[in-house]
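2 protein chains.
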Amino acid sequence: MLKVGLFGLGTVGQGLLEISRNSKLPFEIVAIVDRSYKKKSKITGNIAASDNPSLILDDNDIDLVVELMGGIDLPLFIIREALDKKKNVITANKFLLAEHGFALFTKAQDNGVKIGFEAAVAGAIPVIRNLENIFWYEDISLLEGILNGTTNYILTKMRTEKKEYEYALKDAQKLGFAEADPTLDVSGMDAAHKLALLASHITKSWIEYKSIYVRGIENIRLNDILWTEKAGYRIRLISRCQRIDGKVYLSVEPSIILPGHYLWDVENENNAIVFQGMYSGIHMFVGKGAGSLPTAYSVLSDIMHITQGNHNPYLMHNFVWRYNHPGSVEDKESAFYMRLLVMDEPGVLADIAKVLSEHSISIASVHQDAPIQISDHPVDLILITHKCLRKSLQTSITALEKLNSVKSVPVFLPIDEN
Amino acid sequence: MLKVGLFGLGTVGQGLLEISRNSKLPFEIVAIVDRSYKKKSKITGNIAASDNPSLILDDNDIDLVVELMGGIDLPLFIIREALDKKKNVITANKFLLAEHGFALFTKAQDNGVKIGFEAAVAGAIPVIRNLENIFWYEDISLLEGILNGTTNYILTKMRTEKKEYEYALKDAQKLGFAEADPTLDVSGMDAAHKLALLASHITKSWIEYKSIYVRGIENIRLNDILWTEKAGYRIRLISRCQRIDGKVYLSVEPSIILPGHYLWDVENENNAIVFQGMYSGIHMFVGKGAGSLPTAYSVLSDIMHITQGNHNPYLMHNFVWRYNHPGSVEDKESAFYMRLLVMDEPGVLADIAKVLSEHSISIASVHQDAPIQISDHPVDLILITHKCLRKSLQTSITALEKLNSVKSVPVFLPIDEN
Numbered sequence: 425m426l427k428v429g430l431f432g433l434g435t436v437g438q439g440l441l442e443i444s445r446n447s448k449l450p451f452e453i454v455a456i457v458d459r460s461y462k463k464k465s466k467i468t469g470n471i472a473a474s475d476n477p478s479l480i481l482d483d484n485d486i487d488l489v490v491e492l493m494g495g496i497d498l499p500l501f502i503i504r505e506a507l508d509k510k511k512n513v514i515t516a517n518k519f520l521l522a523e524h525g526f527a528l529f530t531k532a533q534d535n536g537v538k539i540g541f542e543a544a545v546a547g548a549i550p551v552i553r554n555l556e557n558i559f560w561y562e563d564i565s566l567l568e569g570i571l572n573g574t575t576n577y578i579l580t581k582m583r584t585e586k587k588e589y590e591y592a593l594k595d596a597q598k599l600g601f602a603e604a605d606p607t608l609d610v611s612g613m614d615a616a617h618k619l620a621l622l623a624s625h626i627t628k629s630w631i632e633y634k635s636i637y638v639r640g641i642e643n644i645r646l647n648d649i650l651w652t653e654k655a656g657y658r659i660r661l662i663s664r665c666q667r668i669d670g671k672v673y674l675s676v677e678p679s680i681i682l683p684g685h686y687l688w689d690v691e692n693e694n695n696a697i698v699f700q701g702m703y704s705g706i707h708m709f710v711g712k713g714a715g716s717l718p719t720a721y722s723v724l725s726d727i728m729h730i731t732q733g734n735h736n737p738y739l740m741h742n743f744v745w746r747y748n749h750p751g752s753v754e755d756k757e758s759a760f761y762m763r764l765l766v767m768d769e770p771g772v773l774a775d776i777a778k779v780l781s782e783h784s785i786s787i788a789s790v791h792q793d794a795p796i797q798i799s800d801h802p803v804d805l806i807l808i809t810h811k812c813l814r815k816s817l818q819t820s821i822t823a824l825e826k827l828n829s830v831k832s833v834p835v836f837l838p839i840d841e842n
Numbered sequence: 425m426l427k428v429g430l431f432g433l434g435t436v437g438q439g440l441l442e443i444s445r446n447s448k449l450p451f452e453i454v455a456i457v458d459r460s461y462k463k464k465s466k467i468t469g470n471i472a473a474s475d476n477p478s479l480i481l482d483d484n485d486i487d488l489v490v491e492l493m494g495g496i497d498l499p500l501f502i503i504r505e506a507l508d509k510k511k512n513v514i515t516a517n518k519f520l521l522a523e524h525g526f527a528l529f530t531k532a533q534d535n536g537v538k539i540g541f542e543a544a545v546a547g548a549i550p551v552i553r554n555l556e557n558i559f560w561y562e563d564i565s566l567l568e569g570i571l572n573g574t575t576n577y578i579l580t581k582m583r584t585e586k587k588e589y590e591y592a593l594k595d596a597q598k599l600g601f602a603e604a605d606p607t608l609d610v611s612g613m614d615a616a617h618k619l620a621l622l623a624s625h626i627t628k629s630w631i632e633y634k635s636i637y638v639r640g641i642e643n644i645r646l647n648d649i650l651w652t653e654k655a656g657y658r659i660r661l662i663s664r665c666q667r668i669d670g671k672v673y674l675s676v677e678p679s680i681i682l683p684g685h686y687l688w689d690v691e692n693e694n695n696a697i698v699f700q701g702m703y704s705g706i707h708m709f710v711g712k713g714a715g716s717l718p719t720a721y722s723v724l725s726d727i728m729h730i731t732q733g734n735h736n737p738y739l740m741h742n743f744v745w746r747y748n749h750p751g752s753v754e755d756k757e758s759a760f761y762m763r764l765l766v767m768d769e770p771g772v773l774a775d776i777a778k779v780l781s782e783h784s785i786s787i788a789s790v791h792q793d794a795p796i797q798i799s800d801h802p803v804d805l806i807l808i809t810h811k812c813l814r815k816s817l818q819t820s821i822t823a824l825e826k827l828n829s830v831k832s833v834p835v836f837l838p839i840d841e842n
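So the protein sequences, as listed, match chains A and B.
Position 26 of the first sequence, counting from 1, maps to 450 under the numbering used here, and the rest follow consecutively.
Position 102 of the second sequence, counting from 1, maps to 526 under the numbering used here, and the rest follow consecutively.
Treat the hints with care, since some could be wrong.
Where chains are identical, the list cannot tell them apart; a pair therefore holds if satisfied intra-copy or between any two copies.
In silico BS3-like links for lysine-lysine, alpha-carbon gap of 27 angstroms or less [stated by the list, open to error]: (1) Lys671 / Lys654; (2) Lys811 / Lys826; (3) Lys628 / Lys448; (4) Lys510 / Lys462; (5) Lys448 / Lys671; (6) Lys466 / Lys427; (7) Lys462 / Lys756; (8) Lys811 / Lys671.
Simulated from the structure, these hints should not be mistaken for lab results.
Using the sequences provided together with the hints, build the complete structure.
Here it is in structure tokens:
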């Protein structure tokens, strides 16, 4: 019977306790460390509890540490200590791993122990283990995912309930799908942490999350949603890892997808991952991206995996511990959606078309819905371009914003054809 | 370096050879047995080849046997021999396993070896390993899948190209998605073999495929497809395993699904599996259901799994080797779609409505598109019922077919609301 020490008795920690009490499992949670352990004595029951990490760290009978505290500094200290004491570690902390993973995984390897982090990426979807074990010998040229449930929920509600961003965000907060401070989610950074971990698997080398091109959903307005819906498209926050000629290109950004796209029907707080293997073709995994029991089940499956003494190629062998420097997405081509805030006056479209043409950008379609009567308020102008270099598009935006008639270019989104 | 013996050098066997030559893998195919090994000498190259099974079976250096021959009698003999000689076995032969699995898995267990069969169920989708390893401790109340690519291809083509069944089937045969004799696929039996293997995992007991309620797609006409499309529905051949109060209910049959259903967008020869876990919620896996390299990759992943000495709960422990007797789907409720072939004459609808009402079946909607001018040809009458017991529906069909005005009831399909 494996003895497990649990740090953090929040939502996921409580979920894990619930599952482990319900099922006949070959492990036992023998100690819990939580700041508010005194308040939670009804939950901890007869399990030893404390707010002092040494309860677990100094117990030589504990073989495996589960870290579900959140934050950075304290969990980092705890994981380091646990690894040094040759305890296996399981964590759901994607921020911590994306930030300090290189050092931590190396330390784990040096100490002959493992770090399980299935719960850190895409909640209940067992994507890490599938990439580690089943698809290790695949050559994966493309991976795309909806890796953040909060933003997917917000974008879904904006479309289905015709709500502005701020109101959809408030709904998500009320339902517990968004934090009081939603920055990490809505900025795309949380998805970037997860994408870095996935891309490291695919490239078998370490990807820094800071090297990922990241844009959030904060500037998406209901108008963008309505227009894309009218055109038969949808907007999703897509995390993307593509390998071309040995280079890897990484991005997290709101993107337009067309009907038939694998991620078309992934709604609300669900997560999904699609990837293209050289041998086995396209795969899609869909599941709950968060939640107490779904995330706890991923922790449980890591515990079982480690207790069964299974091999783990990612951590144990075959992995090249070197940094991988991604290529620049600016060098890649795409069609784009753009929303410009323009003055409603004669000659505007001519000016804009001229700038785009000077940057070799060809307009596929244009859309403006201003009232017949000319007003002095700026209005939205929607443009869809043909395929062009992102670099050209970005230079053209700088040039466009210099035009007197263009107030700003608040939104541009690539059109994802995969 | 593990030594592998390969039986059968057809599409999948050749795919496996191709992958194993391209990648740096810790195993080697050292012997090939194939009926036409002489004609295939360019493919076998410097690997020992023969049409005599003893080339592999009598070689004590061969630890693992891959059986990709097809058929029943010869592979059954070979697998039995291999297991008796304590060789691990990997097979893609779902018919064989569904028919003889109980005896074969028991024999493998007695001899301390394993049978891998990822490639036998849903092609490239790693559903067996996910159920065996990751979701072993889940309580799965419902599993649904599109487990047969041929029938899904035919149903997709009927809808998108407005083709009658016979023509869509011919297309599938031309493209290699259907066999010259398509009976196993179109009758639903192939899907039933796979469902039996999946259901055995979920129930952790042996399910006989013969105990599954199976209906094929042979009677689906273009008219059914067109009408359901007009109503906003789709028809898919759904394999289904549901646990209610400890009883398991199993069916393979063409069913109507509504928009938003997980299987809505799974088109052409793709396969998909959806299941509902008590802890981790709903999961979906989508991927290629067949093909040389996709299926071969599943064989490869089984080889790697076995060579890594990983535990395998399904085969090694926890599995209760007893037969499980499913409940009768006739005792379950569903709404139904029915197509009746009726005479176009006064009073027909009254007669039909009376029979249904006598069986406590309530009509939700009715649809008939006969020409204004009454003819003496029978016409299609489409009915959608409210929820009713399948038993009542089946009895009512017998009664309906006794009416003078009803020629037959060629099609009835449950409406799958999950």
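Against the structure, the hints come out as follows:
{"no.": "1", "hint": "Lys671 / Lys654", "in the structure": "neither (36 angstroms within a copy, 47 angstroms between copies)"}
{"no.": "2", "hint": "Lys811 / Lys826", "in the structure": "within (23 angstroms within a copy, 64 angstroms between copies)"}
{"no.": "3", "hint": "Lys628 / Lys448", "in the structure": "between (36 angstroms within a copy, 15 angstroms between copies)"}
{"no.": "4", "hint": "Lys510 / Lys462", "in the structure": "neither (29 angstroms within a copy, 56 angstroms between copies)"}
{"no.": "5", "hint": "Lys448 / Lys671", "in the structure": "between (47 angstroms within a copy, 21 angstroms between copies)"}
{"no.": "6", "hint": "Lys466 / Lys427", "in the structure": "within (21 angstroms within a copy, 56 angstroms between copies)"}
{"no.": "7", "hint": "Lys462 / Lys756", "in the structure": "neither (55 angstroms within a copy, 49 angstroms between copies)"}
{"no.": "8", "hint": "Lys811 / Lys671", "in the structure": "within (21 angstroms within a copy, 56 angstroms between copies)"}
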